[in-house]
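Student: Listed in order, the protein sequences are those of chains A and B. Count the first sequence with my numbering and you get residues 1 to 382, in order. Count the second sequence with my numbering and you get residues 1 to 220, in order.
Mixed in with the good hints, there may be bad ones.
To be verified - With a straight-line Cα cutoff of 25 angstroms, these simulated SDA-like cross-link-like pairs (lysine to any residue) come out: (1) B:Lys-14 to A:Lys-155; (2) A:Lys-14 to A:Arg-298; (3) B:Lys-14 to A:Leu-373; (4) A:Lys-234 to A:Asp-253; (5) A:Lys-14 to B:Arg-136; (6) A:Lys-155 to A:Pro-189; (7) B:Lys-14 to A:Pro-189; (8) A:Lys-220 to B:Ser-73; (9) A:Lys-14 to B:Lys-14; (10) A:Lys-138 to A:Thr-176; (11) A:Lys-14 to B:Ala-139.
As the list claims (entries may be wrong) - For the chain B half of the interface with chain A, some residues (derived, Cβ under 7 angstroms), not all of them: (12) Thr-45; (13) Leu-49; (14) Met-54; (15) Leu-55; (16) Arg-81; (17) Ala-82; (18) Phe-87; (19) His-93; (20) Val-95; (21) Tyr-97; (22) Pro-109; (23) Pro-111; (24) Pro-114; (25) Ala-199.
These are computed hints drawn from the structure, not numbers from a lab. Just so it is clear, CB atoms sit at the ideal spot from N, CA and C, and this is done for glycine as well.
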Amino acid sequence: MWLRLILREIVHRKVNAGLSVVGVTAAVALFVAFLTSANASKRETTRITRNLGFNLRIIPKATNMERFWALGYSDLTMPEAWVQRLAQYERVFITFNHLVATLQQWYPVADREVLLTGLAAAITAPEQRQRPMGYQVKPGTVVVGFEVARAFNLKPGGTFTLAQRPYQVTRCLAETGTEEDMRVYTALPDAQAILGRAGLINEIQAIDCLCLTADQDPLKVIRAELDRALPDTKAIQLRTIADARARQRQTVDRYFAVMSPLILVLGGAWLAVLAVLNVQERRTEIGLLRALGHSPGRIGGLFLGKAVLVGLAGGALGWAAGTTLALEFGPRIFQITAPAIVAEPRWLFYACVAAPAFAALASFLPAMRAVSLDPAVVLRDN
Amino acid sequence: MIRCTHLTQRFRVKDREVRALDNLELSVAAGDFLVVRGPSGCGKTTLLLTLGAMLRPVNGSVVVRGQDLYALSSAERAQFRARHLGFVFQMFHLVPYLNVLENVLLARPAPPSPAARTRARDLLTRLGLGDRLEHRPAALSAGERQRTAVARALLNEPELILADEPTGNLDPDNSHEVFRHLQSFQQTGGTVVVVTHGAAADAFATRVIRMAAGRILSAD
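Given these sequences and hints, build the entire structure.
Tutor: Here is the structure:
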């Protein structure tokens, strides 16, 4: 009976209910459109960053940086066990992602030099589902850069001899126009054996974590954590990549920080005003129900129940409208992100939970006003 | 059934204090059909709302069925109204988006049982509205609306019906019809208090009292 009463009233006072639903729909649509686009942006940033490669290089602290930049790697080494030590540090995956121990050194082959790069298996956070970054090189195999392949006429399936041992070529990389073209990737133990540096590495490659917030200086945080975890190392951040990521993340965060309260205040005020008008319009009805002995709780429930139904309808419609907005206009605003913008059904669930709660909250004071209406005053006025 | 002692109600209208009930004394016996007559503004509606456990008096007490109404909490008074009192108003106060049957069932604060639905149908049939159960108030005549309100007042089998100008918007035929139904309730053991400014109810009354300026002037 009570639900029927609410539904009948909604149908009877279509304009009030309709405008309330429009208010919730608009608020939810803006949130959903924004969150759908922002999430797509974040996903795309992650993907692009992964494609760009590692942006953190952890090297021995005593490394001479002039030589580092001249050679392209540290000429000092550190124990391979340090990468495990870093991986076991409790806060490591708050700051870093994808730890890969490497040993790199220019190495003579025939009358040429190649940049021999031994790679250990990547270590990722236990809960991370993404595949590890970088190349996975099996022992006894190599991945060769474009110039190396061309100079030694290498093809996948062929062999490449290093330190008098043949290695199977599993992949020849495309031309990049960087030092990558001169690299020969091997499994870390193979590189250590070839270079006579068993158990040693000269770099841990990593990627800084997206979870670092916009108001933090990522490098400062990373260095502080690294000081605690591996005090005899230092970190270099490839700023161009990192800055691009931080800028995009900060832009999204800034928009959201400005828009959220604005939408909430405007949406809440809209609903509250309509609820007040509804209470005003239903004064006689409220007075009658009170006179008939209906409890204040049930009368408050009429208004809060209506708010919940309006919120549910607005939540569902808002999700649909917001998703449509994101799919329609998102690609024009977030051009780089465009392919990643997809409908996110989970926001439907959140919208259908949050919107009724929000609508009930906005209608709370008007509902209390209805409950506190004096039936004698209302009925005498009539 | 009802005993009012030193009943006083005062309101402030702008800067002026209005005495709506002025030290009023009133007793109504069970089975009475009491008509309270008086001009507009004499305190009739205030008296009715006070008797109906809706308006706490500034002074004095109202005892109905041995219960001092204003010694009860607000929630207890609401329960008392639902169990023992029925109301009929001049403006009918039907909920516009509910049909006739649902309007009558509104008198049940709890979800209506099948027995309550049957009783509501029976009452409406007795009041000549058997073929109007599914109609909305907007589709009813004034007389039909007031008979719906009477059915609503009767649904919970109250001991007392309080009616405020119940025929104020009705023609003489419909007025007669409504008073006849109230009288039949009174003749089966119920008590009726009607406040009105007209004399149409006098023919059905067991007692008529006249009010002016918050006081009872005379009793017939």
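Student: All hints, please: hold or fail.
Tutor: Hint check:
no.: 1; hint: B:Lys-14 to A:Lys-155; result: violated, 101 angstroms
no.: 2; hint: A:Lys-14 to A:Arg-298; result: holds, 22 angstroms
no.: 3; hint: B:Lys-14 to A:Leu-373; result: holds, 21 angstroms
no.: 4; hint: A:Lys-234 to A:Asp-253; result: violated, 30 angstroms
no.: 5; hint: A:Lys-14 to B:Arg-136; result: holds, 17 angstroms
no.: 6; hint: A:Lys-155 to A:Pro-189; result: holds, 23 angstroms
no.: 7; hint: B:Lys-14 to A:Pro-189; result: violated, 96 angstroms
no.: 8; hint: A:Lys-220 to B:Ser-73; result: violated, 65 angstroms
no.: 9; hint: A:Lys-14 to B:Lys-14; result: violated, 38 angstroms
no.: 10; hint: A:Lys-138 to A:Thr-176; result: holds, 23 angstroms
no.: 11; hint: A:Lys-14 to B:Ala-139; result: holds, 19 angstroms
no.: 12; hint: Thr-45; result: holds, 6 angstroms
no.: 13; hint: Leu-49; result: holds, 4 angstroms
no.: 14; hint: Met-54; result: holds, 4 angstroms
no.: 15; hint: Leu-55; result: holds, 4 angstroms
no.: 16; hint: Arg-81; result: holds, 4 angstroms
no.: 17; hint: Ala-82; result: holds, 3 angstroms
no.: 18; hint: Phe-87; result: holds, 5 angstroms
no.: 19; hint: His-93; result: holds, 4 angstroms
no.: 20; hint: Val-95; result: holds, 6 angstroms
no.: 21; hint: Tyr-97; result: holds, 3 angstroms
no.: 22; hint: Pro-109; result: holds, 5 angstroms
no.: 23; hint: Pro-111; result: holds, 5 angstroms
no.: 24; hint: Pro-114; result: violated, 13 angstroms
no.: 25; hint: Ala-199; result: violated, 23 angstroms
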